[in-house]
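Engineer: Residues per chain are reported as follows:
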Amino acid sequence: MNILVILIIVSLIVASGFLVAFIWAVRSGQFDDASTPSYRMLWDDDITKKENKSSNQSTNHKQKSHGN
Amino acid sequence: MSTSTAKSQHLECHHCGEQCDQELIKSNDQNFCCEGCRMVYEILLENDLDNFYCVAESPGVSSKKKKSENFEFLKDEAFANSLLDFQNEEISKVRFYIPAIHCSACIWLLEKLYKLHAGIISSRVDFNKKTVIISFNHLEISLLELVKMLDSIAYTPDIQLDNKTSNSSPYRRIWLQIGIAGFVFGNSMLFSLPEYFGLNIFNDDIISKIFPFLNALLALPIVFFSAQDYFKSAWGAIKQSQINMDVPISLGIITLFTYSYYIIFYQSGLGYIDSLSGLVFFLLLGKYYQQKTFDHLRFDRDIQSFFPLSVTKINGQHEEQVLLNSIIPSDILKIRNEEIIPADSLLISDEASIDYSFVTGESLPEIKQKEELLYAGGRLKGASILVQVKKSPSQSYLAQLWDDESIQKGAKAQVQSTADKISKYFTSVVVAIAFISLASWIYLGDFESGIRAFTTVLIVACPCALALATPVTLGYAMRVLSKAGFFVKSTQSVEDLSKIDAIVFDKTGTLTYSDKAEVVFDGNMPEHKVLAAVKTLFNQSKHPLSQIICNWLPYYPSQQIEDYKEISGQGISAKVNGQIIKLGKKQFVDNQATDFDRKANSSQVFINVDGLTYGCFNVKHVFRENIGNLFNSLKTDYKLNLLSGDQAAEKEYLSQWLAEESMHFEQLPGDKKEFITKWQNAQQKVLMAGDGLNDSAALRKSDFGLAITESTRQFSPACDGILLGENLKQLPHIMKFSKASFKLVIAGFILSFFYNVVGLSFAIQALLSPVIAAILMPISSFSVVLLATLGTRYLAGKYLTTTEKSNNL
Chain A
1 MNILVILIIV SLIVASGFLV AFIWAVRSGQ FDDASTPSYR MLWDDDITKK
51 ENKSSNQSTN HKQKSHGN
Chain B
1 MSTSTAKSQH LECHHCGEQC DQELIKSNDQ NFCCEGCRMV YEILLENDLD
51 NFYCVAESPG VSSKKKKSEN FEFLKDEAFA NSLLDFQNEE ISKVRFYIPA
101 IHCSACIWLL EKLYKLHAGI ISSRVDFNKK TVIISFNHLE ISLLELVKML
151 DSIAYTPDIQ LDNKTSNSSP YRRIWLQIGI AGFVFGNSML FSLPEYFGLN
201 IFNDDIISKI FPFLNALLAL PIVFFSAQDY FKSAWGAIKQ SQINMDVPIS
251 LGIITLFTYS YYIIFYQSGL GYIDSLSGLV FFLLLGKYYQ QKTFDHLRFD
301 RDIQSFFPLS VTKINGQHEE QVLLNSIIPS DILKIRNEEI IPADSLLISD
351 EASIDYSFVT GESLPEIKQK EELLYAGGRL KGASILVQVK KSPSQSYLAQ
401 LWDDESIQKG AKAQVQSTAD KISKYFTSVV VAIAFISLAS WIYLGDFESG
451 IRAFTTVLIV ACPCALALAT PVTLGYAMRV LSKAGFFVKS TQSVEDLSKI
501 DAIVFDKTGT LTYSDKAEVV FDGNMPEHKV LAAVKTLFNQ SKHPLSQIIC
551 NWLPYYPSQQ IEDYKEISGQ GISAKVNGQI IKLGKKQFVD NQATDFDRKA
601 NSSQVFINVD GLTYGCFNVK HVFRENIGNL FNSLKTDYKL NLLSGDQAAE
651 KEYLSQWLAE ESMHFEQLPG DKKEFITKWQ NAQQKVLMAG DGLNDSAALR
701 KSDFGLAITE STRQFSPACD GILLGENLKQ LPHIMKFSKA SFKLVIAGFI
751 LSFFYNVVGL SFAIQALLSP VIAAILMPIS SFSVVLLATL GTRYLAGKYL
801 TTTEKSNNL
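Heads up: the protein sequence lines correspond to chains A and B, in order. Using UniProt numbering, read the first sequence as starting at 1 and increasing by one per residue. Using UniProt numbering, read the second sequence as starting at 1 and increasing by one per residue.
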């Protein structure tokens, strides 16, 4: 039956590890704002930047021609 | 870049999505409704940020209603620093509340601020709170420049003196408490599992010693951290010789804890730690439900947030921006168009037109002459004026009205929730039962069973289910109501709402649209060419009537105007296409003009071109749609009253639904408050529905203050609930729903009483084993939670229809 004692203590230690992780997460503010990240994750930064540049160069030309 | 103004209708602004009905500006093949929108678009384009328009459709904030604000007060270094969250040699961190944040594109843009200025390091938006945290290098960009930049893209920060809120979420503590309680609950149940099944596999000495010991260890964080707030609250109540719901809860927790320790250390049993942790876990969940409110709404706005932060003071020859707090009597201030008079003061300029609608409810501006006293709270319409301060802002008439002791928070704090009332009887009955069973066991000669019965009675009677019924039901009801466009401050407010006997309505802005009015033209309509000129003139003026008529007129391209003059309170005149056009009061335009019938509660604006009077515009506030249905369906259950700051002109119209004696006109803010007090003295629970600052005293005094607003981004006075104007017609359903949900709370009480009776019948016989306690307690909690959520959902389907618009808020 001693194996049970070891198992239970190990399981308690593992669970405590998760508890500590939870406490750390709350303290570092990871739960403070749960809704904004759901919007943020939908923007793919790198891709939009590339598209942005190419499309923007053309609009820049437009602007110049308009200005003249 | 070419910019042209062209004629067209029903085009939507590329930036904000509004109809371009006043003017149409073209830039880069896109349509804009105003200069402001075009400017924002161009700023974004220049900085490679035009993807903003791809994130959402027409996501911009309309600049039409935007007032130009002066942020010069941020030059005051001490004040500017007080706004910062953090500062070192290079980097500053500031948090702004930006009411205009409304969609995903707003987040996108505000988090790309670093592209607009090299001095900005990073920015992060909290969508629910509508705040943005900006880190910037203060050597490269000052706080003032930063605010101006945000203002230039129409995300004007709302800077308040109490702007600094704590960085961390107020929920962090309860999250930790719930997390730890859940952890202990799970583990101690695991240790108690063999006992639930009556298994005796742990004959082993080590195990039978280790398990109880581990349980005892686990109980410590529960009692000393998770359950801490219950003890504090119970102790607070007892000190004031009162009993609230937390008293029996604390009593139960303490008994469970001490009795379990006794069992663990003296009888080598497992104790009731699993029940204890389960109890605290469920209670905390219920409490969390109750605490969760709407982060972006402010229910406790005080008068300070209505006034500007800084004013322009005339110091000898030059003007300077000073903080409002530093104003003292005899200072000379300059007030510009659309600015609010911050303190009771004397008018030095010749004449001024002041809109007191926020204070009195009267929607037409008042004309004040030189040396007249101007009360704080009025908004200047027209040319700038100079005033001399008579009283410091905190002593103005308005502030006194506000600070009136009877309307301070204390007046409402006395309301006791039903749960607290019940717990008073509950606690005494439980304690009585405990002592009676102890006495009878001793009488029977079994002292040990007596002690066991005594403690288990206290344990099993712990009002877990009872305490859960209110927060879960009303908390869920609160969420359902918010989907229907009705936001309540707390679960207690839902309870208050269900007990209302009488309803008092304010008229202007509550029953009528605050931003719409009916315009009727009397006389001969001038030809289009003249109308085009008239519209251009109205567009120039900031007077509310001008704006209403301007919106009413069809679209015309704007005309060249010369010699524009605006005489406050009288009218405007200008020369357009060689014609002299006069718009305004009859006396101003043409004293000999034929009179037109003045319609009830309407204002007239005459039009005169080159000495010929064409006729007049009648502008009248209109009632919200279905106002009759609203009255009819409320009439049967509630006593209805109407209080208005306006003239009695619409009495006849309203008497279709309301009794003559229940309508009161020309009421000052103080009168409104008195009226409510009178009803409350007659033991009536009063709901006050109002909109402006003039209702604020009455809203606070009433048992349920309901603020009606056109959008949650607008100013709303301190209140218990905020209802969107378009949803006012839903009010009867909302009232019915709140009543029904309160009945559901009572049903939850009855259910938990039933569990208590079952549990107590075991307990007094000293038969309660840990197994029964462990089963009974979670089951009672679960069933109450289930009843509360399913029941509320059913009621919501029965009474409420959710509106789509509220989902975007």
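In short, the hints are calculated from the structure, not lab data. There could be a bad hint or two in this list.
Said to hold, decoys possible - Among chain B residues calculated to face chain A with C-beta under 10 Å, some are:
(1) Phe191
(2) Glu195
(3) Phe197
(4) Pro329
(5) Ile332
(6) Lys334
Claimed, not checked - Some chain A residues close to chain B (C-beta under 7 Å, calculated; not the full set):
(7) Leu7
(8) Phe31
(9) Ser35
We treat Cβ as the ideally placed atom computed from N, Cα and C, and that holds for glycine.
Engineer: Work down the list of hints and note, for each, if the structure agrees.
Structural biologist: Here is what the structure says about each hint:
Because the closest C-beta pair between Phe191/B and chain A is about 8 Å apart, less than 10 Å, the hint holds. About 15 Å separates the beta-carbon of Glu195/B from the nearest beta-carbon of chain A, more than 10 Å, and the hint is not met. Violation of the interface hint for Phe197/B is found here, the shortest Cβ-Cβ separation to chain A being roughly 16 Å, above the 10 Å cut-off. Proximity of Pro329/B to chain A is violated relative to the hint, the smallest CB-CB distance being about 45 Å (cut-off 10 Å).
For Ile332/B, the interface hint is violated, the least distance from its beta-carbon to any beta-carbon of chain A being 46 Å, above 10 Å. At a threshold of 10 Å, the smallest CB-CB gap from Lys334/B to chain A is about 39 Å, leaving the interface hint violated. Given hint, Leu7/A at the interface with chain B, is violated; its Cβ is 11 Å from that chain's nearest Cβ, farther than 7 Å. The beta carbon of Phe31/A is positioned within 7 Å of a beta carbon in chain B (closest approach about 6 Å), and the interface hint is therefore held.
Given hint, Ser35/A at the interface with chain B, holds; its Cβ is 5 Å from that chain's nearest Cβ, closer than 7 Å.
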